[in-house]
Amino acid sequence: MNIIEIGGLTKKFGDFAAVDNMSLTLKEGEIFGFLGANGAGKSTTISMIASLLRPTKGEIKFLGKNIAKNAHFAKMNIGMVPQDLAIYEDMSAYENVRFFAGLYGFRGGELKARVEEALSFVGLGDKQKELPKNFSGGMKRRLNIACAIAHRPKLIIMDEPTVGIDPHSRNYILQSVKELNRMGCTILYTSHYMEEVEEICTRIAIVDHGKIIADGTKEQLKAIITDSKEIWIDVKSVEGLNQEQLKEIRGVLSVRIEEQRIKIQSRAEIGNLNDIVQQLIRDGMEIRAVEEQAPNLETVFLTLTGRNLRD
Amino acid sequence: MKTILWLMAHTLRNTFRKRSNIILFLLPVAGVMLSAGLYGQTGGTGLSIGIVQQDGADAVGRDVAAFVGALDGVKLTDTSDADLRDRIAAGKLDAGIVIPPGFGESLKAGKPMQLELLSVKGAQVTAYVQAMLDGYLNNVASIAAQAKGDEARFEQIYGEYTKGSFKVSREQLTDASNVKDTTYQSLGFLVAFMMFSAVNMSEMILREKENRTFLRLLSSPVTAKSYVAANVAVNVVAMVFQTALTLCFMRYVLDIDSGVPIMQLAFSLVLFGIGAIALSLLIVSLSKSRGQSSALQNLIITPTCLLAGCYFPMEIMPDAIRKIGAFLPQHWLLDTVNRLQQGDSFGSLYMNLLILAAFAAAFAAIAIFRFSRNNDTRTFV
Ligand SMILES: Nc1ncnc2c1ncn2[C@@H]1O[C@H](COP(=O)(O)OP(=O)(O)O)[C@@H](O)[C@H]1O
Ligand SMILES: [Mg+2]
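Chains as they are written, first to last, in the numbering used here: chain G, 1 to 311; chain D, 1 to 381.
Note that these hints are calculated values from the structure, not bench results.
Glycine is no exception: its CB is placed at the ideal position from the N, C-alpha and C atoms.
Hints are supplied without guarantee of correctness; some may be wrong.
Partner residues are not named here, just some residues of chain G that face chain D (Cβ under 10 Å, in silico) [stated by the list, open to error]:
1. G39
2. K75
3. F99
4. A148
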């Protein structure tokens, strides 16, 4: 069953189309990844799915029902984790979740049970009475999630839920997403972190300039890239490296440097590894390891958009 | 409905979680105490008043001086016209009265000449004496009117009036006008504070937007309309409670009888309060942040309250400024109170009440229009 069907969705701010004639289907049980750089139109799209913004054009169906006409039904069954924290800093963690869950009509014992369940799910079970203003960034993010799941929505929309937090909390959140999915929730997960999306999502759409430019499983997406490969060369120090010279080498498409690692994207059919290594030695690099990478989502993104995900 | 109640409880809790909001809520009571202090008790410390008796030949004229001298806490000093101003300026006298030649005659004719209370200390010192004096002179003038020029008849009634001890009659008539000032000024404070509290409560909408919880609220089954409705409902409840508290405090703790049936007073105040809430919504709908709404509030509420006479009596304002008052809802409320105190019936003031209702309707209409026009997730509603 399709939980979300989007057809011809467009949102214009003045003349600028933040979302441009987008069509998309989400099946029940998926963890669907929305991958795109900042400003690609991810938040705008999900705001429309969550009935926060009215589309300029197009239609969104939730479980087969048009959300414009069945807003209440859709809202009852969707949980939204906004990109920016949306919690009351001066209300305890418990009060926060309780207030939002109450908006879905729960009262009394059931409300209490749901609130406690949501809080312990995100690992804040022992912090119920504390005020979020004393929380770490990661704990606030987790509370932000708890507020969206206490009413047990069928679809959970998460807008960059891991921005700016420590690796521990980030990992906790990623595991929670998988757990929620195992419990039967469909997840729509937006991110500009390729690794996250690759780790948890069953299907991925790459968004750019308000359009979906590719979608499928990660294997399907990577299969798009048949004509380029990525070579990683670890060196002792990149000092003295002449990037321009590297780019001159036949077949090299781009060069990126991440600390002591040189990442070179190159045409697949051209055997230029010798030339590359020789050039590095000429620049005085001390090579530690050379590795040819299978195509990853980052290369897919780079190839499709001509830009880096984090530019 | 269930959701609206849930939202109302939330709004109430969030508003009164902050101690400063509780204080703001209770300020009108403090305002009443303050104005009661200013206008109510002038006695205590004692007032020294200089009197220039230029009508000493006339018994009625002499009685005027005697009346003032008999007032509680007033010490009377005879002086000359030339001396009076110097001694007031030097602070040796708190106030002075000149009883001009022929004053007694004018009283007996039922057309008393103007009696001026000279002072450099301002209304808080002289209001009490002035009020007493006005009451006394009014009474004598009405005795004269009853006598219809019949000298003997005047002497008879007047004699009884003055003989029936100044004290008794004084307490009755002065209390009335003195209390009028206190009531008027207390309500002026209440009006100003009502407007500030209303904005304070409506600003909650902006706070929810600023910390993004508004976005989350709207993704739940709550609509922007029901959220604003819950906010307004809490605002109305708080305002009714605030009005009731202030009026009861005035009546039963400070023992000020405003001379107007309390329900009529409450009704007018609540009607005005609804307008204040509509205005606060308008302010909020025009603002993108609480910084903006505070600026707007200071720009709108403080000056209009000043111009409408909420903080001090209109009498000290130039005529031109008094006319501006007609465009301000505060003026129409205070005018209603004033006229009720002067004995106008509630029914006859329907024009004032209609004007107050019209202000409320106009503010609300513009606010609703503004709210409905704006559907941007970055600025919201
Ligand atoms: N309310 C708005 N008014 C004007 N432009 C907007 C508004 N909201 C978003 N945009 C623009 O639309 C584009 C997409 O934004 P957004 O959906 O937030 O991107 P993402 O979530 O993918 O980073 C951006 O260029 C942004 O500046
Ligand atoms: Mg975004």
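Legend entry - Earlier hints that do not hold, by number: Per hint list: single violation, 1.
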